[in-house]
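Asker: Given next are the chains, with one letter for each unit.
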Amino acid sequence: MKKYKPTYPAAVAVLTLGAIYSSQTMAENWADKVTIGGFASAVYQVSDQATQFNGESGVTEDGAFQGTRMGININARLDDNLTLFSQLLATQEDNDYRTDLDWAFISYKAGNEWQLRAGKIKFPAGLVNEYVSVGTLYPWIAPPALFYSADMAGPQVTREAYTGFSAVWERNLGDWTVSSDIYAGEVSLPPFKAEATSTLLSTYTVRKLTGLTLKADWNDTFQLQATTFSGTMDIPDRPPMDGEKHSSTLVGAKMDWNNIVGYAEWADVKMGSAKMGAGTSWYTTLGYRIDRWLPNITYQYFDKGLDTADLKQEQNMTTYGVKYALTRNASLKFEYSTIETVQGQGLFAGPVVDKSSDMYGVAIDVTF
Amino acid sequence: MFKRKTNTTIMGLFLIGALTSGTAMAEIAVIANPGNDTASLTAAEAKALFLKKTTIFPNGSEVILGDQSEDSAIHAEFAKKVLKKTPDQLSSYWSKRVFSGKAMPPKVVGDDTSVKAWVAKTPNSIGYVDAGGVDDSVKVLLRVP
Numbered sequence: 001m002k003k004y005k006p007t008y009p010a011a012v013a014v015l016t017l018g019a020i021y022s023s024q025t026m027a028e029n030w031a032d033k034v035t036i037g038g039f040a041s042a043v044y045q046v047s048d049q050a051t052q053f054n055g056e057s058g059v060t061e062d063g064a065f066q067g068t069r070m071g072i073n074i075n076a077r078l079d080d081n082l083t084l085f086s087q088l089l090a091t092q093e094d095n096d097y098r099t100d101l102d103w104a105f106i107s108y109k110a111g112n113e114w115q116l117r118a119g120k121i122k123f124p125a126g127l128v129n130e131y132v133s134v135g136t137l138y139p140w141i142a143p144p145a146l147f148y149s150a151d152m153a154g155p156q157v158t159r160e161a162y163t164g165f166s167a168v169w170e171r172n173l174g175d176w177t178v179s180s181d182i183y184a185g186e187v188s189l190p191p192f193k194a195e196a197t198s199t200l201l202s203t204y205t206v207r208k209l210t211g212l213t214l215k216a217d218w219n220d221t222f223q224l225q226a227t228t229f230s231g232t233m234d235i236p237d238r239p240p241m242d243g244e245k246h247s248s249t250l251v252g253a254k255m256d257w258n259n260i261v262g263y264a265e266w267a268d269v270k271m272g273s274a275k276m277g278a279g280t281s282w283y284t285t286l287g288y289r290i291d292r293w294l295p296n297i298t299y300q301y302f303d304k305g306l307d308t309a310d311l312k313q314e315q316n317m318t319t320y321g322v323k324y325a326l327t328r329n330a331s332l333k334f335e336y337s338t339i340e341t342v343q344g345q346g347l348f349a350g351p352v353v354d355k356s357s358d359m360y361g362v363a364i365d366v367t368f
Numbered sequence: 001m002f003k004r005k006t007n008t009t010i011m012g013l014f015l016i017g018a019l020t021s022g023t024a025m026a027e028i029a030v031i032a033n034p035g036n037d038t039a040s041l042t043a044a045e046a047k048a049l050f051l052k053k054t055t056i057f058p059n060g061s062e063v064i065l066g067d068q069s070e071d072s073a074i075h076a077e078f079a080k081k082v083l084k085k086t087p088d089q090l091s092s093y094w095s096k097r098v099f100s101g102k103a104m105p106p107k108v109v110g111d112d113t114s115v116k117a118w119v120a121k122t123p124n125s126i127g128y129v130d131a132g133g134v135d136d137s138v139k140v141l142l143r144v145p
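Here the protein sequences come in this chain order: P and Y.
With the first letter of the first sequence counted as 1, position 261 gets the number 261 in this note's numbering; the numbers rise by one all the way through.
With the first letter of the second sequence counted as 1, position 20 gets the number 20 in this note's numbering; the numbers rise by one all the way through.
Just chain P, same shape as in the assembly (with noise of 0.2 Å):
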C-alpha cells in the first residue's frame, strides 16, 4: 500500500488543528467523545470486452477488482458545538492501493438548526454521493457509473469532496425533515490521461465553486433533493475548457417504502462554451426486499457532447441485481449488466468494437 499522499492541504490542516485541540481538552475522556468505525467492499467485475469500462483501471474481460476498498471514519466531539469528522478512503488501483484523505472538516453547531463546516466537504450533489463508498447503504455494486462516474469520459457528475465552506441547515417538522447546504470552495480531480495517447494531463480543476443543495425527506422514507453548483475550470492543457463556467443542476427522489425500493435522479452539465464536456445523464432503481433479498433493476443513461457530432458521447446500461443482507451490517450483491454504447466510446477507455457489451459483478460489502 502506497503512504498517505496530503493530497489537500487545507484539509490536512483542519485535521492537525482538531488533532491538538483534541489532545489538549480531551486527554482524561477521549473515550467518550471519539468514534471510530469504518466500511469495506471486496469487488470483482468481469466483462465481454478488451476495452476498460470505467477508467483506466476498469473492467476487461480479464476482470477486475475495481471499487474493492476500505475506509475509516475517525470523529470527535471538541467540544458542546465543535467536531471534527474525518474519512480515511484506501481504493484499489491498477493492482495497488491509493489511500487518501477522502473529507476532513470541522464542524460548528450554531443554535438547533446550524452547521457551519470547514475543510475538505463531500459534495451534497446526488442523493448517495455523501457516503458514495459506503455499499451496504444501497442496492447496487457501485452507485450507478453513467450518473456518478469519476471519468472524464463520464457525465462529470463529481463524486468527489471540495475544500471549502459549507453552511448547513435542518428543520424538523414532525415527519418531515428539510434542510438547505450553501457551501463555496473549489475542487480538484486527480490527473487524467488522454484518451488518444495515454499522456497523463494537468490536474482538473473547479475554482469559485459556489453551490445550493435542498432536501425534503418523510420519516426516511421518502427523499427529493435538488442542487446546483457552478464554478470556472481551470484545466490548463485543455483549452477548450480552460477558464469556461462548469454548472451541474441535479433533482433525485429515493423511496423505501412497505419493501418498496426506488431511486431516480437526473442531471444536467454545462461547461461554457466546451460543448464537448456538456451533458445530461439520470438514472432510475426500482427494487423490492423479500426477508433478506432485494432484487432490483436499474436503467442508466448519458448524453455527452450535444450537438457536436464528432465528440458526441452516448450509452445507456441496465442493470439486473440483488443484495442478500447477510447481517445488518454485511451485504452480498450480484449483478448482470448490459452496456449498449450508441456514440462515442461512452465510459469506455477506447473504442469499442461490440456496441453491445456484457458485464457481471459480485461483491460483499460490510459496516464495523
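Hints are computed from structural coordinates only; laboratory data are not their basis.
Small disclaimer: the values here were computed from a predicted structure and weren't measured.
Certain hints may be false.
[Unchecked claim] Here are the computed lysine to aspartate or glutamate pairs in the DMTMM-like style, where the Cα-Cα straight-line distance is at most 20 Å:
1) Y:Lys81 with Y:Asp67
2) Y:Lys85 with P:Asp175
3) P:Lys355 with P:Glu340
4) Y:Lys53 with P:Glu113
5) Y:Lys81 with P:Asp220
6) P:Lys355 with P:Glu61
7) Y:Lys121 with Y:Asp136
8) Y:Lys84 with Y:Asp71
9) P:Lys33 with Y:Asp67
10) Y:Lys102 with P:Asp220
11) P:Lys245 with P:Asp234
12) Y:Lys102 with P:Glu113
13) Y:Lys121 with Y:Asp37
14) Y:Lys80 with P:Asp175
15) P:Lys33 with P:Asp80
16) Y:Lys96 with P:Glu170
[Said to hold, decoys possible] Label pairs and their in silico Cβ distance ranges:
17) P:Val34 with Y:Gly133: 27 to 37 Å
18) Y:Gly35 with P:Asp96: 50 to 60 Å
19) P:Lys245 with Y:Ser40: 52 to 62 Å
20) Y:Ala44 with P:Gly63: 46 to 56 Å
21) Y:Ser40 with P:Glu113: 21 to 31 Å
22) P:Arg171 with Y:Ala117: 27 to 37 Å
23) P:Asn259 with Y:Val140: 28 to 38 Å
24) Y:Asp136 with P:Thr210: 54 to 64 Å
25) Y:Val140 with P:Thr232: 50 to 60 Å
26) Y:Ala117 with P:Phe334: 39 to 49 Å
27) P:Asp32 with Y:Ser40: 21 to 31 Å
Idealized CB from N, CA, C, for every residue including glycine.
Dock chain Y against chain P, hints included.
Answerer: Coordinates of chain Y only, in the frame set by chain P:
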C-alpha cells in the same frame, strides 16, 4: 428491515413467545436528570431527540443522549415504539449520518442500570429504561406502553 416470515407456524410461535415475554412487552420510561426543568416529552419530541433531528429540549437547553446496547431487547422495543424503525433501519439511519459526516450516534451507555446511573449524574442527559426499574434518582419525561 427484513420482512416478517409468513409461515404460520413460526408466526404462532412468535406470538406465544411475545405474549409470555415480560421484557419485550414492558413499559418504557424516557428519563432525564432530576435537575432538568422539562416537565414532559411527547412521543414525537422524544423521537426527534433520539434521532438528533433536534438537539435541544423544548425549554431550549442542550440535550445529551444515552442509548442502550444495540443488541438489547429494550433497544429494539424503543426503536419500534418511539423511533418507528426496525433495528436494521435504525442502524442504516445512523450509518448514513455518520459516513456522511452529519452526526454522531448517541453514546451507548449500557443496560438499564447503567443508563439510570449515568442519567442521574449527568446534567441535561436523557435515556430510556424499563419503567419498572425507575426510582427517584431520575425524572420520567415520557412513559411508552
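Asker: Need the list of violated hint numbers for this structure, in ascending order.
Answerer: Of the numbered hints, all hold.
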